[in-house]
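Visitor: Sequence:
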Amino acid sequence: MSVAISNILLEKLDKIITNTRREADFSFVLSSNTSDFTTDISPPLQLKSDRWVVGLIDFASYNSIYNITAANNIFTYSSNNGSTWNTLTLAPGAYEITDINTTVQMIMSLVTTTKIDILANSTTLGSVIIVPTNYKVDFTVGNSIAATLGFDPVVLSAGYNYSPHDVDILTVNSILVNCSIIKNSYVKNSQQPVIYSFFPNVRPGAKIIESPKNIVYLPISSDTISSIKIWLTDQAGNKVDFRGQEITIRLQIKSL
Numbered sequence: 010m011s012v013a014i015s016n017i018l019l020e021k022l023d024k025i026i027t028n029t030r031r032e033a034d035f036s037f038v039l040s041s042n043t044s045d046f047t048t049d050i051s052p053p054l055q056l057k058s059d060r061w062v063v064g065l066i067d068f069a070s071y072n073s074i075y076n077i078t079a080a081n082n083i084f085t086y087s088s089n090n091g092s093t094w095n096t097l098t099l100a101p102g103a104y105e106i107t108d109i110n111t112t113v114q115m116i117m118s119l120v121t122t123t124k125i126d127i128l129a130n131s132t133t134l135g136s137v138i139i140v141p142t143n144y145k146v147d148f149t150v151g152n153s154i155a156a157t158l159g160f161d162p163v164v165l166s167a168g169y170n171y172s173p174h175d176v177d178i179l180t181v182n183s184i185l186v187n188c189s190i191i192k193n194s195y196v197k198n199s200q201q202p203v204i205y206s207f208f209p210n211v212r213p214g215a216k217i218i219e220s221p222k223n224i225v226y227l228p229i230s231s232d233t234i235s236s237i238k239i240w241l242t243d244q245a246g247n248k249v250d251f252r253g254q255e256i257t258i259r260l261q262i263k264s265l
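Going by my numbering, the first residue of the sequence shown is number 10, and it counts up by one from there.
Everything labelled a hint here was simulated from the structure, so no lab data went into it. Any given hint could be a false lead.
Distance condition first, Cα-Cα at most 20 Å in a straight line; then the derived SDA-like pairs of lysine to any residue [claimed, not checked]:
hint : residue 1 : residue 2
1    : Lys145    : Leu97
2    : Lys192    : Thr96
3    : Lys192    : Ser36
4    : Lys57     : Gln261
5    : Lys145    : Leu134
6    : Lys192    : Lys145
7    : Lys145    : Lys222
8    : Lys238    : Asn42
9    : Lys222    : Thr257
10   : Lys238    : Thr257
11   : Lys248    : Val181
12   : Lys124    : Thr96
13   : Lys248    : Asn182
Distance windows between CB atoms, simulated [claimed, not checked]:
hint : residue 1 : residue 2 : range
14   : Val150    : Gln201    : 43 to 51 Å
15   : Thr149    : Lys222    : 43 to 51 Å
16   : Leu134    : Arg212    : 43 to 51 Å
17   : Thr96     : Ile139    : 18 to 26 Å
18   : Asp177    : Asp232    : 41 to 49 Å
Ideal placement from N, C-alpha and C gives every residue a C-beta, glycine not left out.
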């Protein structure tokens with residue numbers, strides 16, 4: 010066989026292999042306004058070999074995760090050294106410490122010109138609450154914002170009050186994207202179908218666009234895919250609520 014014929018055959022073989030690989034790739038764009046949803050695949054995808062993998066290409070939504078809810082939105086203060094108390098209720102939402110301070114002062118301004126300052130303490134990663142003379146803050150009440158600001162359930166007196174603990178302003182440290190069609194994924198020491206995890210490193214209300222630089226492909230658990238379920242949890246396994254914002258996920262299925 011001549012070198013020229015051999016090269017022609019190799020080129021044809023390379024085209025066949027390339028076309029086969031192209032046909033082996035599937036892309037799925039899945040979207041929902043809930044963080045736990047199932048998408049039916051019709052007709053079902055039949056995978057004839059056992060060397061199929063899937064990876065997350067990108068994730069998009071808005072950072073609408075609340076860190077202030079009915080469980081931690083109460084701020085109670087007294088303007089007469091504890092003789093009477095006023096209770097403020099923060100609307101559920103996604104707050105930074107500056108937002109908490111602004112909201113508390115805005116509500117207080119309806120009845121008084123005196124301000125209680127709630128500030129971040131960047132040195133200790135905690136917070137400091139400046140309570141005016143004759144004022145107190147009661148963090149012993151139910152559903153108090155105390156732990157969020159790094160405080161124990163105590164009553165604060167006038168002066169500079171430094172939190173003994175770090176602020177807990179970020180309730181979600183990691184978002185885990187769970188996918189029903191994968192295997193060989195572990196969280197700590199147990200097998201869980203987590204295809205990707207990330208931290209939403211944008212301000213509340215900002216767009217989240219997560220595109221992994223190095224896509225991790227994981228084995229597919231079945232040779233027939235009739236549906237794909239996606240659900241989002243935090244580092245503790247709790248469901249992450251995006252408050253009705255659209256969630257879009259793109260997956261790629263390919264043969265090795």
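Visitor: Now, for every hint given, state plainly whether the structure supports it.
Guide: Here is how each hint holds up against the structure:
no.: 1; hint: Lys145 / Leu97; result: holds, 14 Å
no.: 2; hint: Lys192 / Thr96; result: violated, 50 Å
no.: 3; hint: Lys192 / Ser36; result: holds, 19 Å
no.: 4; hint: Lys57 / Gln261; result: holds, 17 Å
no.: 5; hint: Lys145 / Leu134; result: violated, 23 Å
no.: 6; hint: Lys192 / Lys145; result: violated, 55 Å
no.: 7; hint: Lys145 / Lys222; result: violated, 51 Å
no.: 8; hint: Lys238 / Asn42; result: holds, 14 Å
no.: 9; hint: Lys222 / Thr257; result: holds, 18 Å
no.: 10; hint: Lys238 / Thr257; result: holds, 13 Å
no.: 11; hint: Lys248 / Val181; result: holds, 10 Å
no.: 12; hint: Lys124 / Thr96; result: holds, 15 Å
no.: 13; hint: Lys248 / Asn182; result: holds, 13 Å
no.: 14; hint: Val150 / Gln201: 43 to 51 Å; result: violated, 38 Å
no.: 15; hint: Thr149 / Lys222: 43 to 51 Å; result: holds, 48 Å
no.: 16; hint: Leu134 / Arg212: 43 to 51 Å; result: violated, 19 Å
no.: 17; hint: Thr96 / Ile139: 18 to 26 Å; result: holds, 20 Å
no.: 18; hint: Asp177 / Asp232: 41 to 49 Å; result: holds, 45 Å
Hints 2, 5, 6, 7, 14 and 16 from the list above are not met by this structure, while the remaining hints are.
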